[in-house]
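J.: Sequence:
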Amino acid sequence: MLPHYFFAFLFVSCWLLFVIRLIEQLFETEPNIYFNRLRNCSRTMRMYAPFV
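Oh and the sequence shown: position 34 is 34 in this note's numbering, straight run, nothing missing.
The set of hints was computed from the structure by calculation and includes no laboratory data. Note that the Cβ used here is the ideal one computed from N, Cα and C, for glycine as well. Keep in mind that a hint or two might mislead.
Label-pair restraints from in silico Cβ distances [unchecked claim]: (1) PRO3 <-> GLN25: 14 to 24 Å; (2) LEU38 <-> PHE9: 16 to 26 Å; (3) GLU24 <-> PRO3: 26 to 36 Å; (4) LEU22 <-> ARG43: 14 to 24 Å; (5) ALA8 <-> ASN40: 11 to 21 Å; (6) ASN36 <-> PHE11: 11 to 21 Å; (7) ARG39 <-> VAL12: 10 to 20 Å; (8) PHE6 <-> ASN40: 12 to 22 Å; (9) HIS4 <-> GLN25: 24 to 34 Å.
Could you build all of it, start to finish, from the sequences and the hints given here?
T.: This is the structure we're talking about:
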């Protein structure tokens, strides 16, 4: 089983990527793209959650 900080790092990295892309493309991209990325991130977190 992987250590807990690995999943914490994965979660934080996912949110940092989301926030950075949101800031970079705030005035360039339609909002639904961010919701799709957030939904994909949430799905990944739910997939790994039982192992934490």
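J.: Does each hint hold? Answer for all of them.
T.: Do the hints match the structure? See the list:
Judged by the Cβ atoms, the range 14 to 24 Å given for PRO3 and GLN25 is violated: they are separated by roughly 34 Å. Taking the beta carbon of each, LEU38 and PHE9 are about 18 Å apart, inside 16 to 26 Å as hinted. Separation of GLU24 from PRO3 is about 31 Å and conforms to the stated range, judged on CB atoms against 26 to 36 Å. A C-beta distance of roughly 18 Å is found between LEU22 and ARG43, which places it inside the suggested range of 14 to 24 Å.
For the hinted restraint 11 to 21 Å between ALA8 and ASN40, the CB-CB distance of approximately 19 Å keeps it satisfied. Under the hint 11 to 21 Å, the C-beta atoms of ASN36 and PHE11, about 18 Å apart, fit the expected range. Range check, ARG39 to VAL12: Cβ separation about 18 Å, and the 10 to 20 Å hint holds. Restraint check, PHE6 to ASN40: a C-beta distance of roughly 19 Å satisfies the suggested window 12 to 22 Å.
In this structure, HIS4 and GLN25 meet the distance hint of 24 to 34 Å, their C-beta atoms being roughly 32 Å apart.
Checked against the numbered hints listed earlier, the structure breaks hint 1 alone; every other hint is satisfied.
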